[in-house]
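Protein chains in written order, with this note's numbering: chain A, 868 to 1135; chain P, 6 to 398.
Don't read these hints as lab results, they were simulated from the structure. In this text, a Cβ means the ideal position worked out from N, Cα and C, and glycines have one as well. Incorrect hints may have been included.
Unchecked claim - Sample of chain P residues facing chain A (criterion: CB under 8 Å; computed from the structure): (1) 182; (2) 183; (3) 200; (4) 207; (5) 255; (6) 256; (7) 387; (8) 388.
What the hints assert, rightly or not - Simulated DEER-style distance windows between Cβ atoms: (9) 1113/A to 60/P: 45 to 53 Å; (10) 370/P to 1045/A: 48 to 56 Å; (11) 93/P to 1111/A: 40 to 48 Å.
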Amino acid sequence: MRVFIDAIGICGPGLDGWAQSAAILAGTAPYQPAPLRVPPPDLLPPAERRRAVPSVRLALQVGKEALETSGAEVESLPTVFTSSGGDGVTMHAILDTLAQPAREMSPTQFHNSVHNAPAGYWSIATGSHAPTTSIAAHDASFAAGLLEASSQLVASQAPVLFVAYDGAYPGPLHLVRPITASFAVALLLSPTPGASCLAGLSIGRVRGRPSNGALADAQLEQLRRGAPAARSLPLLAAVARGDTAEIDIEDTASHLLRIAVAPCETGA
Amino acid sequence: MNPLEITATAIATCLGRGEAPTLEALRSGASGLAPCSFETVKLPTYVGEVAGAGEKLLPPGFDAFDCRNNRVAELALASDSFLDKVAQARARYGADRIGIFAGTSTSGILETEIAYRNRDAATGALPQDFIYDQRHSTFSLGAYLQQRLGLEGPAMVLSAACATTAKAFAAAHRMIEAGLCDAAVVGGADSLCLTTLYGFNALCLTSRLPCRPFDAARDGISLGEGAGFALLERPASSDPMLLLGLGESSDAHHMSSPHPDGLGARLAMERALASAGLSPSDLAYLNLHGTATPVGDRAEDKAVTSLFGDRLACSSTKGQTGHVLGAAGIVEAIMTMLSLRHGVLPGTANLTNLDPELGATYVRAPARASFKRAMSNSFGFGGNNCSLIFGLG
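Take these sequences, add in the hints, and give me the full structure.
Here it is, written out as structure tokens:
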């Protein structure tokens, strides 16, 4: 499948937007991990802004960045959201409440617990009635999401906004599911290269385990391993470098996505 | 869109396991709802439990996956020779050419709810034998299906609340169209847990009585649990059951309340008709989302009447199965296909006094009727909507 990346949104510890992060990922600026900074979700009406939980804010922030950079028509733009397990903070709060004798659950926490919460908030924030898909594939969530978004694009020949996000899990869940970092990335995918095109991808799914996945920078590599959405970092680094490269990303069932990355001007 | 053929199905709900008891209930209108005595739950409500889901029943070698959600899924998988038919498809296409598009909303959270009561008093740690990845992780069911069915194609678990397993058909269709697989197992499972029982109670959306869709006195849902699966392939039989159309939309309105005029619902139904190349008069039956909440049923009625007037026979089967949440899409898709194949127009259990403010035509008692095309609606939290159209070839 051939797709083009017209815009990228990114948010992670020490990674504040694509312009700043591209320099780090290309190796021209140093990576300095810093506490996550997620701007307030100003796309949302005030009531929803108050209710939006951290992972939703993270997903919305990267989606917004990609949207603003690309100028895509949001009303008709389908979305794909992928995450290993949705909002761990909300999950913990609900589980903790249910372990108490009174079991007095908060209605807002309950509706925030659904895996498609970012899709719902995104639709409210943008007024978009376009179809949306929310999926999970554990450690392979990024690969499965990219495959889903790309297949939508190939089937419809229309742009798709793809968002991968994971919020760090609180205790005791982090001991059983060590998602140690909050990270999100949005790719505005298009069937033809737009004016702002960043790279062309040729994506195939083949049997095997990735051999070229690790990042050279130890701290970026720690981030890559710390959140399933951050398995995207080697791909993003290739885009940032503007190289032609072949990137393998782990999928499920002993398969991987083999992604040929090329800069747009060479006609990827 | 290019239609797909449904070549095998599997189902488990409170009505029973497999096609036979499900069809019998569609013909009789019987309900599987009973007063809630689930786990330690103390709520005045009715539920639809799957018989046997409390027992260890996964095949040998699958202990790590043992949770109520995967048990409910297994009870469905083992029905109606579904496993054999998937094995035959695997032999025909190859394991890596069959995709898995499964859905769940709460996965195996019940086991984590119980583990949270048994945390270490000093450290707060979960019990030593607690397993997250294969039981509670949202992809748990996907991994179970991969191993249980021996499939290696593209796999994902969709989770879009109560529209989940309807949307699984859409994902499978796209992936087959894009050439990434030749066939797909779609469906999923949702099972009773404290999160949804207490969560819907907190939203004041559960009824104290068996739910009464579209009744003037309706006052909320009854939760159920269930699982269903379907094998999708490109049409090849002489008398196929076909997926003819599908439509998805977003409400852009509220996280847990539908658009008051059913805007997103109407869009999903319109897009399904457009994708099938059909007009409203081409359909003979609509299996409604119809959960029996005052607001939800009214919104769906507005959407239906704005598109179909009062010409279309409509019913909700949730008074029989309860609201099986993420599994509603596949369970009601299978019920719709059974209705088409066996000439039965499903009724709306517990509908006694129709709400006079509603305008669609509601089937109360099941009836015999022969028809060729029908739609099934599924709408979820987050304003995610999906409508599917099935037909006899």
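Hints and how they fare:
1. 182: holds (4 Å)
2. 183: Hint holds; residue 183/P Cβ to chain A Cβ min 4 Å, cut 8 Å.
3. 200: holds (6 Å)
4. 207: Check passed: Cβ of residue 207/P comes within 4 Å of chain A, closer than 8 Å.
5. 255: holds (4 Å)
6. 256: holds (7 Å)
7. 387: Given a least distance of 3 Å, the restraint on residue 387/P holds.
8. 388: Interface hint status for residue 388/P: holds (6 Å vs cutoff 8 Å).
9. 1113/A to 60/P: 45 to 53 Å: Check passed, 49 Å falls within 45 to 53 Å.
10. 370/P to 1045/A: 48 to 56 Å: The hint (48 to 56 Å, Cβ to Cβ) holds, given that residue 370/P and residue 1045/A are roughly 55 Å apart.
11. 93/P to 1111/A: 40 to 48 Å: Given range 40 to 48 Å: holds, Cβ gap about 43 Å.
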